[in-house]
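K.L.:
What follows is the residue order along each chain.
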Amino acid sequence: MLEILGKTKIDFIAWRRTAFGVSSALCLLGIVAIIQITRGGANLGIDFAGGTSVQLKFQKPVDVGQVRALLGANGLKDSEPQQFAGGDRIVVLSKRAEGSQAGMAQRVQDIFLKGLPDNPFVVEGTNEVGPAIGKDLQKAALWAITISMIGIIVYIAWRFEFKFGVAAAIATLHDVLAVLGFFYVLNREITLLIITALLTLAGYSLTDTVVVFDRIRENLRGRRRESLGDVINMSINEVLSRTMVTSFTVFLVLIALFLLGGEVLHDFSLALIAGVCIGTYSSWFVASPIVYEWRSWERARVKAPVKVKAKAKG
Amino acid sequence: MKKTIKWKLLFLLLVTVVAGYYLYPTLSRRSSLPSLFPPLLPRAERLNLGLDLQGGMHLVLEVVTEKAVENTVDRLIAGLRRETEKEKIPVERIVREGTDRIRVRLQTKEGLDGFRRILSNYSNLQQSSGTDPTELIVAHTPRELKRIEEFAVRQSLETIRNRVDQFGVAEPHIIQEGDRRIVVQLPGIKEPQRAINLIGKTALLDFKLVVEGGNVQEALAGKVPEGQDVLYQRHVDEQGGVIKTPLLVQKRPILTGDLLTSAQVQIDNQTNEPVVSIEFDREGARLFAEATAANVGRRLAIVLDDTIYSAPVIREKISGGKAQISGRFTPEDARDLAIVLRAGALPAPVNIISNLTVGPSLGQDSIEKGVRAAILGGVLVILFMAVYYKLSGVIANLALFLNLIWLVGALASLRATLTLPGIAGIILGIGMAVDSNVLILERIREELRVGKTVRSAIDAGYDKAFLTIIDSHVTTLITAFALFLFGTGPVKGFAVTLSLGVIFNLVTALTGTRVVYAWMTQRWDLKTLSI
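Same order as they appear, the protein sequences are chains A and B.
So in this note's numbering, spot 131 of the first sequence is number 131, and the numbers just go up one at a time.
With the second sequence counted from 1, adding 1000 to any position gets you this note's numbering.
Because the hints were derived from the structure by calculation, they are not lab data.
Just so you know, not all the hints are guaranteed correct.
Stated by the list, open to error - With a cut-off of at most 25 Å between alpha-carbon atoms, the simulated SDA-like pairs for lysine to any residue come out as follows:
1. A/K139 with B/F1481
2. B/K1390 with B/E1446
3. B/K1452 with A/N237
4. B/K1006 with B/R1523
To be verified - Coverage of chain A stretches by chain B, computed from C-beta distances (three or more under 8 Å per stretch; other residues unrestricted):
5. 23-34
6. 222-230
7. 248-261
C-beta atoms are modelled at their ideal positions from N, C-alpha and C, and glycine is treated no differently.
Model the full structure from these sequences, guided by the hints.
P.N.:
Here you go:
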């Protein structure tokens, strides 16, 4: 039998305080990112914020400075040209969502036709999005998240316990927030494809959490005498090799996509790589510790009702 | 061999054959295969690639339905005016207020009763009293308003479909989205700007009499005489530049484009330039003849979407119902104009609220790179499984392979469109399939470690992994379902591929591989398992 890990005995629960601190910071970052998104301060893709992008491929490499100057001289000061590897590919982004976007793409093309006559180009793609679409997308995304959170809580509450359901939902939300925050800090563009990546990692992280919970449930049934912390630790250790193998295989695919998948899949796979790491982390250090703390708190309350009463009176 | 094992293997084989049949056109680049068992299975066709993969244009249009309501209300006002004149009811004024209300003021109270009598002939109207006893507010019922808006969107969709068909695009995809949006997908389109002009044009053709001797300057300053309008005439100079001059015209057209029967591109004999010649139906020809006979010597403006293309002087009565639109068109412009006139005007203007155009080279590039990377990743995973779990890993790989064939086959049979997010869904689905197999194999290893026999370790492994796999898959399905409900286009595609992947995975991981083990343990008395 070939094994990555032998039998392990890592005390995951002992780390919960540190983990809660780290996770709170990550969630906070994600919340800041969301606030910035709604306020328009984040680097939103034009599919959300509205605007125009034009991707051109020139015959010869071009100088971005020259392109920027050319755009500025023709009244498109807010347009941001970006250059891809190789130098012959340029994306011109203009995020002015208000007013008419119609014809913006054409205008950009005309500027280059006149300004760089000896360097012909082909238009690889244009994207013009009105502001209404972005608003609708944001609303739809919010609804989708709410409904799936409720669905997950209800299902897991039915199959396991209410506490497990809430913990799983929190862990999943935590992962989405963390990766969103990560992208915000890196100032990567948040596009529809990145949102898809967030959804994908939500699915992945949820699976991971459910696998751990499942083992906790199974072990709780058998061993009534051991403490909850021991059972949780034992369960995570038992499924550790599975987690490692699965994460490793997913990593193989993602690294291949990240390195060779081209521009379009680059950020997508980056989001997923971050998501796999954070998803594994959260089922060990977020989901299970929440169940542990909640149960312990409940037990303490049942054991010492008098004390609570006395306090209330005093 | 046990009977159940035989049946299960047969079932797996059958599903795989059907999936392979649907995959064949995509893999062999043939366009389609005939239907397998005609009523049972639809024809196999090539998998559609989304615009992000094959290049093309994706437009989202919003129909300005308020304008359709305004137009309907204006027509109603015109009708009411005619009838009050016929019944000789003294009207002070009838005006539209906002988009959908009409304020009527009559000169006498008796007139009000007469007016009410006229209104009783119209259904779907509701009336309320105004600030004055001789005043009345008339409006369409909310249900009727909704019907007008729905009709406008439906008719816009039909008109746009008509235009696109005549323009000649392979496999256009035109659907309604939400209440008032229309999504137009034109794969592989070469001249995006031309297509936008063709689709977005309202193409409202009017013939309006020019008001001679009117004060244009005063009208431009805002003092437009009642029943008149300032419109701009478009001239093209020698250099191809466009000059616009204002003209005062009658608001009410003598004829509109909806009575048109044909529109053709012709070359004008004198100027050698393309023009669009149009022909009216009998009713239109009669109206045109009457109006021209009554206005010989005056100028008639040919107005398209509030722009005057030409304003020739009427020299004599024009019978036969033919007219010509000229304006220094390029051959393409003339052809497109003829198309939009034939297809008819949009009942309301449309706004382009999103336009995504992907060049074919970019799409090709992203497919090639993505596929190459995905294949490399897949090969690495397969190798890893085979090395790490040996024979059992090979069996798991078999399940992954089946899963992939089923999934893509199902997408092809559903005529789904594959987009980048859809591919992401496939990758996640395959990832979950790997995970399910890893879960089962790790469980079997655990059971073997405690010293169970091969057969009971396999049984226990599957039984214990079963619940975990069900739970993780159902939660994923819940998420996918929420995405499907609220997502638009691409996100929906993600949800569909993910759901299908999850469902197939339950079958291949839980039944598929287990059958192989069952068959192996039956055939040989296994003392050790290669895992």
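K.L.:
It remains to establish, for every hint, whether it holds in the given structure.
P.N.:
Hint check:
1. Distance hint between A/K139 and B/F1481 is fulfilled; the C-alpha atoms sit about 17 Å from each other, no more than 25 Å.
2. Distance check on the hinted pair: B/K1390 and B/E1446 sit about 16 Å apart at the alpha-carbon level, within 25 Å; holds.
3. Proximity of B/K1452 to A/N237 is assessed by CA-CA distance (about 21 Å); at most 25 Å being required, the pair is judged to hold.
4. Between B/K1006 and B/R1523 the CA atoms are separated by roughly 13 Å; this keeps the pair inside 25 Å, and the hint holds.
5. Given a C-beta distance limit of less than 8 Å, the hint that chain B covers the stretch 23-34 of chain A is violated, as 0 residues qualify and 3 are needed.
6. Coverage of the stretch 222-230 of chain A by chain B is violated in this model, with 0 residues showing a Cβ closer than 8 Å to a Cβ of that chain against a need of three.
7. Counting residues of the stretch 248-261 of chain A whose beta carbon lies closer than 8 Å to any beta carbon of chain B gives 12, which reaches the threshold of three, so the coverage claim holds.
Figure legend: structure checked against the earlier numbered hints; hints not met, in rising order: 5, 6.
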